[in-house]
Amino acid sequence: MDTFLKSGKGLLLAYDQGLEHGPSTDFNDRNIDPNYILDIAEKGHFTGVVFQKGIAEKYYNGKVPLIVKLNGKTNLPRGEPISSQVCSVQEAISLGAKGVGYTIYLGSAHENIMLQEFGEIQEEAHEEGIPAIAWIYPRGEAIKNDVAPEIISYAARAGLEIGADAVKIKYTGDPTSFRWAVKAAGLAKVFMSGGPKAPTDETFLNQVKGVIEAGATGLAVGRNVWQHADPLKMSSALSEIIFNGKDVQQALGMVVAQ
Amino acid sequence: MDTFLKSGKGLLLAYDQGLEHGPSTDFNDRNIDPNYILDIAEKGHFTGVVFQKGIAEKYYNGKVPLIVKLNGKTNLPRGEPISSQVCSVQEAISLGAKGVGYTIYLGSAHENIMLQEFGEIQEEAHEEGIPAIAWIYPRGEAIKNDVAPEIISYAARAGLEIGADAVKIKYTGDPTSFRWAVKAAGLAKVFMSGGPKAPTDETFLNQVKGVIEAGATGLAVGRNVWQHADPLKMSSALSEIIFNGKDVQQALGMVVAQ
Amino acid sequence: MDTFLKSGKGLLLAYDQGLEHGPSTDFNDRNIDPNYILDIAEKGHFTGVVFQKGIAEKYYNGKVPLIVKLNGKTNLPRGEPISSQVCSVQEAISLGAKGVGYTIYLGSAHENIMLQEFGEIQEEAHEEGIPAIAWIYPRGEAIKNDVAPEIISYAARAGLEIGADAVKIKYTGDPTSFRWAVKAAGLAKVFMSGGPKAPTDETFLNQVKGVIEAGATGLAVGRNVWQHADPLKMSSALSEIIFNGKDVQQALGMVVAQ
Amino acid sequence: MDTFLKSGKGLLLAYDQGLEHGPSTDFNDRNIDPNYILDIAEKGHFTGVVFQKGIAEKYYNGKVPLIVKLNGKTNLPRGEPISSQVCSVQEAISLGAKGVGYTIYLGSAHENIMLQEFGEIQEEAHEEGIPAIAWIYPRGEAIKNDVAPEIISYAARAGLEIGADAVKIKYTGDPTSFRWAVKAAGLAKVFMSGGPKAPTDETFLNQVKGVIEAGATGLAVGRNVWQHADPLKMSSALSEIIFNGKDVQQALGMVVAQ
Amino acid sequence: MDTFLKSGKGLLLAYDQGLEHGPSTDFNDRNIDPNYILDIAEKGHFTGVVFQKGIAEKYYNGKVPLIVKLNGKTNLPRGEPISSQVCSVQEAISLGAKGVGYTIYLGSAHENIMLQEFGEIQEEAHEEGIPAIAWIYPRGEAIKNDVAPEIISYAARAGLEIGADAVKIKYTGDPTSFRWAVKAAGLAKVFMSGGPKAPTDETFLNQVKGVIEAGATGLAVGRNVWQHADPLKMSSALSEIIFNGKDVQQALGMVVAQ
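Residue numbers (the working numbering), protein chains in the order written: chain E, 1 to 258; chain U, 1 to 258; chain C, 1 to 258; chain V, 1 to 258; chain W, 1 to 258.
In isolation and in its complexed conformation, chain E is listed as follows (with noise of 0.2 Å):
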């Protein structure tokens, strides 16, 4: 994982919502634009960007060490959630990627399909000397609170088990629990999965503080950056917290307030 850290640490940018919740959910007209993204990713000084294989093929430009996401799928259908791969290692990594994602549904009836496909995933990635990157969310008709401690700890747990070399996951809600969770993932590296847009600048940037205190890698942040008015102060507070050790209210004063 290192080509996604600085001094240990990472940011990274991602940005598939338009797949999992599509352009009218989470988009605008300008953030619509992947060269919005690509250019935020850059000036921010993101450690890394996330994105499905079209739209690397198509747009990215190799500033940004590079993520591919090797499955996904739509909200719109509806019973237990599977999302299956659709990009190859390989084509990922002739898109230039350094790295790749896969989404496991934790707890859905088709757990059991997609650890599967990880599990291939991960030993191909690794035999070609990159990380492969677990977002874990449990969910389904299983899963009552998909952020409860032991729901995310066990998250955490899954992707060491299953070889990921870093784990995407949701926040606890405070530091203390999202520590055991941090713990439960050993040497797998944990990004708090950004989320929608907080309320607030400072709930988010509070949420970031409490996860690096809990002693987790980093952040994968989208639509708290690329939907804010003033996506690079807002990065430029992340990476305060993250990369610097600020507290909320130094890395606030780089947001312009909304």
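Any given hint might turn out to be false.
[What the hints assert, rightly or not] Pairs of lysine-lysine, DSSO-like flavour, derived with a Cα cap of 27 Å:
{"no.": "1", "chain 1": "V", "residue 1": "K73", "chain 2": "W", "residue 2": "K144"}
{"no.": "2", "chain 1": "E", "residue 1": "K73", "chain 2": "U", "residue 2": "K144"}
{"no.": "3", "chain 1": "C", "residue 1": "K183", "chain 2": "U", "residue 2": "K43"}
{"no.": "4", "chain 1": "W", "residue 1": "K183", "chain 2": "W", "residue 2": "K6"}
{"no.": "5", "chain 1": "V", "residue 1": "K73", "chain 2": "W", "residue 2": "K183"}
{"no.": "6", "chain 1": "C", "residue 1": "K73", "chain 2": "V", "residue 2": "K170"}
{"no.": "7", "chain 1": "V", "residue 1": "K197", "chain 2": "W", "residue 2": "K183"}
{"no.": "8", "chain 1": "U", "residue 1": "K170", "chain 2": "E", "residue 2": "K58"}
{"no.": "9", "chain 1": "V", "residue 1": "K43", "chain 2": "W", "residue 2": "K183"}
{"no.": "10", "chain 1": "U", "residue 1": "K183", "chain 2": "E", "residue 2": "K43"}
{"no.": "11", "chain 1": "E", "residue 1": "K183", "chain 2": "W", "residue 2": "K197"}
{"no.": "12", "chain 1": "U", "residue 1": "K73", "chain 2": "C", "residue 2": "K170"}
{"no.": "13", "chain 1": "W", "residue 1": "K73", "chain 2": "V", "residue 2": "K73"}
{"no.": "14", "chain 1": "C", "residue 1": "K58", "chain 2": "V", "residue 2": "K98"}
{"no.": "15", "chain 1": "C", "residue 1": "K58", "chain 2": "V", "residue 2": "K170"}
{"no.": "16", "chain 1": "E", "residue 1": "K9", "chain 2": "W", "residue 2": "K58"}
{"no.": "17", "chain 1": "U", "residue 1": "K63", "chain 2": "C", "residue 2": "K183"}
{"no.": "18", "chain 1": "E", "residue 1": "K9", "chain 2": "E", "residue 2": "K43"}
{"no.": "19", "chain 1": "U", "residue 1": "K73", "chain 2": "C", "residue 2": "K73"}
{"no.": "20", "chain 1": "U", "residue 1": "K58", "chain 2": "C", "residue 2": "K170"}
{"no.": "21", "chain 1": "W", "residue 1": "K98", "chain 2": "V", "residue 2": "K58"}
{"no.": "22", "chain 1": "U", "residue 1": "K73", "chain 2": "E", "residue 2": "K73"}
{"no.": "23", "chain 1": "U", "residue 1": "K98", "chain 2": "E", "residue 2": "K58"}
{"no.": "24", "chain 1": "E", "residue 1": "K170", "chain 2": "W", "residue 2": "K73"}
{"no.": "25", "chain 1": "E", "residue 1": "K58", "chain 2": "U", "residue 2": "K183"}
{"no.": "26", "chain 1": "U", "residue 1": "K183", "chain 2": "E", "residue 2": "K63"}
{"no.": "27", "chain 1": "U", "residue 1": "K73", "chain 2": "C", "residue 2": "K144"}
Everything labelled a hint here was simulated from the structure, so no lab data went into it.
Model the placement of chains U, C, V and W on the given structure of chain E, informed by the hints.
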């Protein structure tokens, strides 16, 4: 996609309705014959023609660039839609194809199977240096309105994300909302799906004009041409709008009143 | 398909009913023996004989061109019909086959699996230079009337679209509607499926005459020949209609009254 | 099948009940030990012995020709029966097998999966020059009476059609109806499945006599031998009927009264 | 299995509970760390340690022979249990494994999938010269009592039949019935599954003594060791019973009272 474009615009003649809808639904004594369609494609100056492999193998004459649809289904089965690959990329190329097409029923319970199959096809097509075109039709129990703007733009965006070089989608009904879909598709070319025969020529030409105004690349049309009393005149009218920027009334003048 | 035609017409002897219907339903002490069928095929001047691989391997004598059915099922399971490949194209060829057959239950919930499997078989057969023949029977909960003209013509057209060199379909009941099916099949040859033993010879010969009048290539017949009291006379009657253009009364004269 | 026949007849000792039924249902302190069975097979002059691969690998001594069952299941799961391949043809051969066996639950909702898997096994076995033997047991919700004559003859015929060199089927209860099954199997050899321990030796020997009278090749027996108080005497009785054409009373004289 | 035995007996330390049960169910601040387990395995003189591939890749130090579990699942999904392969045999070997493990939920509606996958793994492992160990747990709607003697002996026998070199099964509760399971396993080695932490040390040691008296090879233990207040003392107690034939009271003397 350049093979299928003229000055950056495209007009494709689609003819897989025999499999998708059945001959008794869509055909008459003339247009049931693939040679009739090949004739229209050539004389109507279409930039591409779309066949299933059987038609391509037994009829294709090499005069208009060929897209082979790689999957297909009938409209007979009940339940969540799924269309599986019936022709390999290699076979399509050996039949003369310069591009391949594949339908994805976004929102179907089997969405993941089609996304995965398209993923493999797209990589194989690109290795062979030909474009992969995605017919993206949201369909299934989860889809209440398959031409709602947010659904059509989702289809367009999904196509971009999974690496389609072009997407064929339905019209939203107005240029403004379709422009959003075109924007969502980014560098993937957008073709409107012609759909069933429109009640009047004017209605259809207005749709096409709206599509072009919205910034789309063109049209993949079937029934509105080969069910037309004078397909070549309708083809000319479409060409005028798509390639020459004429308005609807100008184009309408080329079509004999029905 | 030339291997199986005489002056462009064909008469195939089908004998896979042992698997499809069971011996107690269709066989008696004579026709349960494959050698009896081989004898009829030869002496009755059939242009092809259709076996499953087991019969081909243990009985086939090379005298009449062989079609090996590559899939098959019993009539025992409930639920939506599916018939899976039980013989490879290579194996069929090694058993002496000059053509391969495959059944598709159009409209079944498993339609897509059979279309996909046929797609692979068709390509392999064509690489080997032999025809792929599709038995296309609309069946399953979604099919209310499996000999309705629009259903039979759909079956015929589906065969053409997916690359079948010939289709075996049921009779619609009259030459006019069957002519539409033949037209829908285009350059794919159409064989009527003989079906269960007709109540009288005249009834059956009238069907065959109607099929030929409709422009079809011929007949794939089983029970109406090998359940007949005098199979060779019935074979002669069929030959007269199919190859020599005789009318029903002329042909009927060749059959001993039952 | 000659490897497993003596003067055209065969007597196979089946011992896969540990997997199919469990040890507590069928075994006692003696017959739970595979060496006990190997001893019976040798001293009882069986023409073949049937094991799963695990027993073959750890116990087989090469004295009696070996058939390895390639699939298997427990009797624990509910629902439509399915038994999947657990041993490859290559592995079976490396364990010393001179033939392979495979069970098909005809009429099961999963019938097509087993027919397809057997199809592949049969071709691989024939390439290797060894016979493929089909255990064909109609079973599942659709099967009301699994020993009805029309069902047993269907099983026999299905075996012939899909290329089995021998079929193992249950007894219909009388020689007349079983003769029809033997006829349906044609050139495929027919072995009666021994089934559970018969109430008396005479009952069982009468069944075996009926099977031989019906023209079958022999018997694949397990529990009626290795659950017997004196397996070797029962083996001798079976040999007398099968190989020497003795009648039941003569054979019965060889068995100690129980 | 000799790699994992000392004088024919074995004591394996199992640590895949992080994936199977989640960290919050089974772990505390000490045993959540794989290094803690590796330390116990070495100092406690275990003859083998069992990890998923992720733990093996990031922590394994080569000091105690390694078994890599090749499949795994979480306890989150509802429905019939299925655990799919997430690690290849080749990958396990490259991680240092001298044996591979695989869990089969006997009686599950998906039993056949797991039996088939194990079948392939077993052959690949044997080609590589390492043992294949089957965790066999009857589970699912069809299983009323998963430690009933007839169920446990069935599990043991199934392991032998499908070619497992060793089976890991639950304890039946008494040596007499477990002896039957050991007998059913034949030449396959039997390891008792340790299960959840027993209420008292004496309870657990009594189980282990019963297992050894029944003729089993040993124990695969996790929670009863690494959840213990003094894992090394408990390890010594287990060693005394398993390797040195001590009785429970003697062994108990080695464990500090809790």
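Verification of the hints:
no.: 1; hint: V:K73 - W:K144; result: 18 Å, holds
no.: 2; hint: E:K73 - U:K144; result: 19 Å, holds
no.: 3; hint: C:K183 - U:K43; result: 24 Å, holds
no.: 4; hint: W:K183 - W:K6; result: 21 Å, holds
no.: 5; hint: V:K73 - W:K183; result: 20 Å, holds
no.: 6; hint: C:K73 - V:K170; result: 20 Å, holds
no.: 7; hint: V:K197 - W:K183; result: 22 Å, holds
no.: 8; hint: U:K170 - E:K58; result: 23 Å, holds
no.: 9; hint: V:K43 - W:K183; result: 24 Å, holds
no.: 10; hint: U:K183 - E:K43; result: 24 Å, holds
no.: 11; hint: E:K183 - W:K197; result: 22 Å, holds
no.: 12; hint: U:K73 - C:K170; result: 20 Å, holds
no.: 13; hint: W:K73 - V:K73; result: 22 Å, holds
no.: 14; hint: C:K58 - V:K98; result: 20 Å, holds
no.: 15; hint: C:K58 - V:K170; result: 23 Å, holds
no.: 16; hint: E:K9 - W:K58; result: 19 Å, holds
no.: 17; hint: U:K63 - C:K183; result: 24 Å, holds
no.: 18; hint: E:K9 - E:K43; result: 18 Å, holds
no.: 19; hint: U:K73 - C:K73; result: 22 Å, holds
no.: 20; hint: U:K58 - C:K170; result: 23 Å, holds
no.: 21; hint: W:K98 - V:K58; result: 20 Å, holds
no.: 22; hint: U:K73 - E:K73; result: 22 Å, holds
no.: 23; hint: U:K98 - E:K58; result: 20 Å, holds
no.: 24; hint: E:K170 - W:K73; result: 20 Å, holds
no.: 25; hint: E:K58 - U:K183; result: 14 Å, holds
no.: 26; hint: U:K183 - E:K63; result: 24 Å, holds
no.: 27; hint: U:K73 - C:K144; result: 19 Å, holds
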